[in-house]
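Q: As a plain string of letters, each chain reads:
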Amino acid sequence: MNIFLRELRANLKSLIIWGVIVSLFVAVGFSKFTAYEGNPELLAILDEMPPAILSAFNFEAFNLTTISGFYGVMFSYFALILSVAAVMWGSDIITKEERDKTVEFSLTLPVRRGKVVTAKTLAAAVNCIGLLLITWGAVLVGTSYFESTNSDYYQFVALTMVALFLLQMIFLAIGVFLGCTLKHYKRATSVAVAILLGTFFLSIISGMNENLAFLQYLSPFKYFDPASLLHEATFDPVFLLLTAVIVIACVAGAHFTYARRDLYI
Amino acid sequence: MSIIEVTNLSKYYGKARGIEDVSFNVEEGEIFGFIGPNGAGKSTTIRLFLALIYPTSGQAKIFGKDCIEFGPEIRQQIGYLPSEVFYYDKMKVIDLLKYSASFYDRDCTQRMHELADYMELDVKRKINDLSYGNKKKVGIVQGLLHQPKLIVLDEPTSGLDPLMQQKFFSLIRDENERGATVFFSSHILDEVQRLCSRVAIIKDGGIITIEDIKTLQKDNYKKVNIVANGLDAAHFDVEGVTNLRRDDGAVQFFYKGDINVITRLISEHDIADLDIEDPTLEEIFIHYYQ
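As they're listed, the protein sequences go chains A and B.
Start counting the first sequence at 1; every next residue gets the next number (my numbering).
Start counting the second sequence at 1001; every next residue gets the next number (my numbering).
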């Protein structure tokens, strides 16, 4: 409990900074929607664009002139921002102890390494939830002025928040795993962010061509399709299972390797 | 009972040597010195005790229990002061000490304040704002606040001014009298000499010798310094004499053997002054490292 609380306190500033970033993004993003809302000319322009590009930006599945459609497109960017925060928190919360040489204090206390990893992972998860709630709040406040918001829209937003939460957990687990496993702690965060960006581009590529659709299994960003969340309001059980497998494997792997490796000071 | 038992302990960092086949015991209640130059493997040995790193082969036991398997349990009773202390910079000293105390299964509040007062530590300041020496004081308080049965010191005095060093040594002596065993690693021989009852000398990852500090000083060598006019250094070049030097009307050498032989030799001369003393550990040390 003491480790958990200390980490929460130590990460509060970072949470606030990310919260401000997300809120600004929401404000700027939805201010653009004022130009799109109920605008038939925009639809005409979009119709002329090549399908691959539309697909890449998720414009195909959504009607950008409705708030739900516009939000569906914004979802990809929320997913990216929240995942970056999660993966960085995950790797940093472990590796900072080696970077700042505080392992010589924190891990010479009478505590098991597994317990340290658990407490830190939970603290980072609470941070993720905090950022998610900030995002949710910012979206609700930022779109409350639009007339087309209705109960379907709010339900859609709530569902995407669940999707964002699952994405955060995947990338948090990957971050923790890399932080615990990589010997060169300096590389952990950059490797984590590289994996994240790589899978993000995979998700774009996999949507462009039918033959590349199998790539969606490699990209968590494809696990939660905002279009099907909007139209069918369901999650694909295969991807839910995949999410659980990734999270459990990463957290278990992190515990296993961290408990058995040398710490460098 | 042995507090620390090290058996054939080796540690390699990849191919680089940390320590090789190190064995020794530290008995309950002693102050055990562990001396050697930088890079000899002192910190490696200590980090193996604390399970920060894992042995390549061999075993270290503390309180009769394996350091890796029973790490957290053992560390309830270990106080560790590293050579350089690193703490969470943004915390206040008092918060850090309380945080540290929260890991031990006893109430450390009173002892914590006693130690902070004794070391003249201002607990309201932020770690970040502290000087190197003051951080070290935090380390001392943090390492001792749970009244450990084993105190592990890794070059503890760097950064402390002489007055604080004095206070620190007397604190360690008090803890020792209270029953704590002390493992004192250092390359500063003078402080080891002042504090320790037994020493192990480590070089290039291996133990060279383990001896009582008194044996090390007494049984081995005498340092002889003779001042006289027209003294011929060659006259003293007998068996057992080493490092013979002539230096402005004085002759200096180390002698090992029957002391009567050398006093007879000296008595043949009309001398102005004579010193026969135990060599400092430093001088013995240089001998081992030749």
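Some hints here could point you the wrong way.
As the list claims (entries may be wrong) - Here are the computed lysine-lysine pairs in the BS3-like style, where the Cα-Cα straight-line distance is at most 30 Å:
{"hint": "1", "chain 1": "B", "residue 1": "K1149", "chain 2": "B", "residue 2": "K1214"}
{"hint": "2", "chain 1": "B", "residue 1": "K1214", "chain 2": "A", "residue 2": "K186"}
{"hint": "3", "chain 1": "B", "residue 1": "K1124", "chain 2": "A", "residue 2": "K13"}
{"hint": "4", "chain 1": "B", "residue 1": "K1098", "chain 2": "B", "residue 2": "K1124"}
{"hint": "5", "chain 1": "B", "residue 1": "K1214", "chain 2": "A", "residue 2": "K101"}
{"hint": "6", "chain 1": "B", "residue 1": "K1214", "chain 2": "A", "residue 2": "K96"}
{"hint": "7", "chain 1": "A", "residue 1": "K115", "chain 2": "B", "residue 2": "K1092"}
{"hint": "8", "chain 1": "B", "residue 1": "K1149", "chain 2": "A", "residue 2": "K32"}
For the record, the hints were derived by calculation from the structure and aren't laboratory data.
Q: Now, for every hint given, state plainly whether the structure supports it.
A: Results for each hint:
The straight-line distance between the Cα atoms of B:K1149 and B:K1214 is roughly 25 Å, inside the 30 Å bound, and the hint therefore holds. For the proposed pair B:K1214 and A:K186, the alpha carbon gap of about 48 Å is over 30 Å, so the pair is violated. Restraint check for B:K1124 and A:K13: the C-alpha separation of about 22 Å stays at or below 30 Å, so the hint holds. Under the criterion of a C-alpha separation no larger than 30 Å, the hint pairing B:K1098 with B:K1124 is consistent with the structure, at around 12 Å.
With a C-alpha separation of about 38 Å, the suggested pairing of B:K1214 with A:K101 is violated against the 30 Å cut-off. About 46 Å separates the Cα atoms of B:K1214 and A:K96, which puts this hinted pair outside 30 Å; it is violated. Restraint check: the Cα-Cα separation between A:K115 and B:K1092 comes to about 24 Å, which is no more than 30 Å; the hinted pair holds. At most 30 Å may separate the alpha-carbon atoms for a hinted pair to count; B:K1149 and A:K32 exceed this at roughly 67 Å.
Violated hints, in rising order: 2, 5, 6 and 8; the structure is consistent with all others.
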